[in-house]
Structures are given as structure tokens and as C-alpha cells.
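Visitor: Residues per chain, in single letters:
There are 2 protein chains.
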Amino acid sequence: MTDELKHFMNIEIPKVEKHMYDLVEGIDAPQSLKEPMIYSLKAGGKRVRPLFVLAVLDHFHVQSEAGYTAASAVEMIHTYSLIHDDLPSMDNDDFRRGKPTNHKVFGEAHATLAGDALNTLPFGILARLKDVPAETKIELIQLLSETAGAEGMVGGQVLDMEGEQRLLNLEELVRVHENKTGAILRFSIEAGAILAGATKEQREILVEYAYHIGLAFQIKDDILDIEGTTEELGKTAGKDEASDKSTYPALLTLEGAKQKLQDHATKAHECLMKIPSSSKYLSDLTDYIVHRNK
Amino acid sequence: MTDELKHFMNIEIPKVEKHMYDLVEGIDAPQSLKEPMIYSLKAGGKRVRPLFVLAVLDHFHVQSEAGYTAASAVEMIHTYSLIHDDLPSMDNDDFRRGKPTNHKVFGEAHATLAGDALNTLPFGILARLKDVPAETKIELIQLLSETAGAEGMVGGQVLDMEGEQRLLNLEELVRVHENKTGAILRFSIEAGAILAGATKEQREILVEYAYHIGLAFQIKDDILDIEGTTEELGKTAGKDEASDKSTYPALLTLEGAKQKLQDHATKAHECLMKIPSSSKYLSDLTDYIVHRNK
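If you're matching them up, the sequences are chains A and E in order. Quick note on numbering: the first sequence equals residues 1 to 294 in the UniProt record's numbering. Quick note on numbering: the second sequence equals residues 1 to 294 in the UniProt record's numbering.
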């Protein structure tokens, strides 16, 4: 990771987190619901999705308070999906990022409802954005519904689950990850572009960039599941192979998956070169996705 | 039920249902996700929430295609909440409206994800509304997020669940139902008012109406659990008493609950009289809520 990116993260991640926790603390809801919501939001993670919103804004040299709200919205959606994904009827995970999963602490019923509430809230906070034209808010809300719901992330999770029953081919695997991981990253990147007032052409380039970075992210995850340690990852390593899951290394060999990762990284960088900027965070984030060890 | 209301229902319910099924059929998502979504949407029910949207529009003599979309949105939210509520970790119900519950047919994982998708989709369909100003769409989306999420329905479900562990007092019970049942009915009624272009004063009256009709609805449900038969209700009668649940009859006696129901019905009618109209559907729906036998 470059020093510049480290600095960017050190400044921006705490700002997003404070913004996000304040949004949840501020709602008039039972404490016994807010507590599991905040527990999982605070469980951390790399905050990649919020960072992409802010890196795109920086790429266009636009400062926008609304960026922190869009960043919070996408992190809430990501967090709700993890809470539901960890449930016994889904992946049945007891630990996430080294901490007990939501339902292990609060019980399944509260975990289900905390997830539901974190699915609904982002639409409200986008609707309440100040100093943003109503048309822009509608664009963000429509994009979030499309990328987070049946047409995006939730659809991808269904396909992913079904991919555990049988070995997918490469085309099917790409479709799973385009939706499961890629769609929500596309929200981050397009939301940044919308708030930055990017042109239609620039947005199309960034959607292509999001496609490559989304697949690169997932391929790297698959590789880390083989090469990483449980300690580094904060989750059980080697789980994919043990469960015969359809992954890039399973379909392409480990070397083939690494080549594919490099291909997508190169294409992602090529997209960025079409929108020249003195801001290097998007380019640095791309490298970080490819070279991270957790 | 009056003949006029019966006629209104016979005309409008199939129109809302077709609109809603078309919206789900039209999305680009895996068939194995759309199937459980549509299964529960088709499982029927009284369609009270969509009817309130349309009855309010008729009260103002406004015809609006957008009414069917708002009606579909609220029914999707209601349906997702039933799917998650029926899960083994929540109420653990095998039957709903006389049919096997979603997870009994599709498994818990698919039921959870179908519920999630039905929570996200309504925001997208409201954002995509045609011929409605962006400001109006934002108002509807903000209202839906508030009434469906932690501040409304989901918050109410958490309180309701906790009310099964200990006997609530009347004030706490009102708070549960104001949120659990009332909030989403408030969406129906306010959404109708927003789309009808009601004045601020009219909207305030209708919010008060929604408060009374929401509580009347819940008290009637509690009474039916005692006086109704399993066959009529399509769900197990007597379940509340068997589980020592906090209900109006448990707190006020059956006669006291019936008096309370009548009080709220009277107040609901008083609200309506402040917004005179030749349309009688809202008034008829009020009586229907109070006198229904299922």
C-alpha cells in the first residue's frame, strides 16, 4: 500500500465511521435493535466500499458531504448482507473478522431484524440528503435498489448458494461475482461519479472499471482463501476447498486465477487512464485490492 | 361489508396484484429467487395496505397510476416482513393463510433472501415512477424507509418479540402496535395523500386517522385470535393466549378490548368527517377493519 493511500484511509475511514454510527444512533428506534445494528457496523473490515465512493469524488477533485452519506449507505447494505449471510440457515459462521457473528451475540431473531433494518435505512438517509437535488437523490436510490437487490447482490447470493451444490462453469462463476460482489462496488463507484457530476461517458468508463475491480476483488478473495492464514483473514482459511465450492482457482488452477486477477487489474488501470487526474487514490486502491493479504 | 366496498375490492385488488406481479416478473434476477418472492406475494391476504392507498386517492377524487406502484411497494414490504416473521428463529410458523410458509417450500436460505429482495425492491420501483416529480418520489421513499425500518415496523417487531418474554403495560403495548402494524398503514394512507396532493392540514388529519385505524386493526386481530376459528383465520386461533402473549384482551379483558376497538373506530370516523368527500371507501374500509371475521 502506498503511503498516500494509507494516509487517505487514516483520514477518511474514521470520518465515514463516525458519520455512519451517528446516523444509526440518531434514529428513534428501540435500543435493543440499534445495539445489534451498531455491533456489526463496528465490527470493522476494510471499508473498501466507502473508500471507493470517496476516491472517485477525489478523482474529480470534488468535495462533497453527501459522499459520506453514500459511503455509509453502501457500508450498511454490505453489513446487513454479512449478518444474514452468517445465519445458521445460510453460511452458519460463528466468527467474522475475528469477532462472534451477530446472531451468536444477539440471537437469530435480533440478527435477522438488525439486518432488515440495515437494508431499509440506507434508502432513508439518501432521501434525506441535504444540498443535493431531488433528481440526484433519485438516481442514487434507484442505483442502490438495483445493485443491492434481486438484480444485484441478493441475486448473486442466490446463485452463489446454488453454486455450492454443483461446480459452476467460468461464465456462471463470473455472473455470480458480478452480482454478489461487483454490483455493490459498482454502486460505490457510480455513486461517487453521480455526486461528482461526471459526464455520461466518464460514468460508462467507471462502470467498466467497476466490473474489473469487482472481479479482481473476488478472485483475490478466492486466492487468499488458499494462501492466507486464518489469523490474517479473521475468518477460517481453506473453507472453499473443504466445501468443494466453485472458485476461480478450482476452475482455472491457482496460477490461472492469478493470471486472471492480473488481467482484470490491468484492464481496471486502463479504464482509469481514460479519465486522467492528479488524484492517485483510485489507482492506489486498485493495486491494494490486488496485493492485499487479508 | 358494503356492496360498494365489495365492488371496489373486486375491481382494485386484481389490478394491484397484476401490477405487483408484473413488477417482480420484469426484473432481471435468477428465477430461483423470483419464484419464492412471487409465491409469498401470491399467497394473498386481505390486501388492506394497498386498498388504503387507493381509497385515499379516491377520497380526493384523484386517479393516479402511481397509486398502484405505491400500493405494490407497501404490499411487498408487508410480505417480506411475513416471510422473515415466519422463520423458525422468529415465530416458526409452518402455515400462513392456509398455505405452507415460504421457508417450508423453498428452504430457510431462499426465504431469507426472498424477504431481503422484497425489502429492497420497493425503493427502486418508487424511484422509477413515471410522471411523478422527483420531490414527490423522495417524499414517498423517505416515508417508506421511516415506516418500514427500525423507526417503524422493524422496531415494532423487536418490541413485540420482547413483549413475549414479559407482560407489557398498555402504554408499551400501544407503542408496539403503533410501530408494528400502524407505521406501515400510515405509509399507505400518507402515500395516498401525497399522491393526491393533499394539503398539510389534510395530511395531519389522515396521520391521526392512520393512528386510530392501525390500533383498531391490531385490537381486532387480538379479538379474532380469541373468537375466530382456525379455519376462518387461515392461521392457528388461540395462539396468543396459549403463549401468554401481551394482547389487548389480556390487559383489558375481552369486553374492555372491544370497547377500545369501538373508541378507535369512532375517532377514525371523526377524522374522516373533517375531510368531507362523496367517496365512501375510506369510511367503509374503517367499518370493515372493525367488523371483519378474519
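Hints are computed from structural coordinates only; laboratory data are not their basis. Treat the hints with caution; some may be incorrect.
Mimicking EDC-like on lysine to aspartate or glutamate, the simulated pairs with C-alpha atoms at most 20 Å apart in a straight line are [unchecked claim]:
#1 A:46 / A:28
#2 E:294 / E:255
#3 A:34 / E:255
#4 A:130 / E:255
#5 E:130 / A:135
#6 E:104 / A:162
Visitor: Does the structure keep residue 294 of chain E and residue 255 of chain E at a Cα separation of 20 Å or less?
Guide: holds, 19 Å
Visitor: Holds or violated: residue 46 of chain A and residue 28 of chain A, Cα atoms, limit 20 Å.
Guide: Roughly 29 Å between the alpha carbons, so the hint for residue 46 of chain A and residue 28 of chain A is violated.
Visitor: Holds or violated: residue 130 of chain A with residue 255 of chain E, Cα cutoff 20 Å?
Guide: violated, 50 Å
Visitor: Is the Cα-Cα distance between residue 130 of chain E and residue 135 of chain A 20 Å or less?
Guide: holds, 13 Å
Visitor: Just to be careful, I want the Cα atoms of residue 104 of chain E and residue 162 of chain A compared with a cutoff of 20 Å; is the pair within it?
Guide: Within the cut-off at roughly 18 Å; holds.
Visitor: For the pair supplied as a hint, residue 34 of chain A and residue 255 of chain E, confirm whether the alpha-carbon distance does not exceed 20 Å.
Guide: violated, 37 Å
Violated hints for the displayed structure, listed by number in ascending order: 1, 3 and 4.
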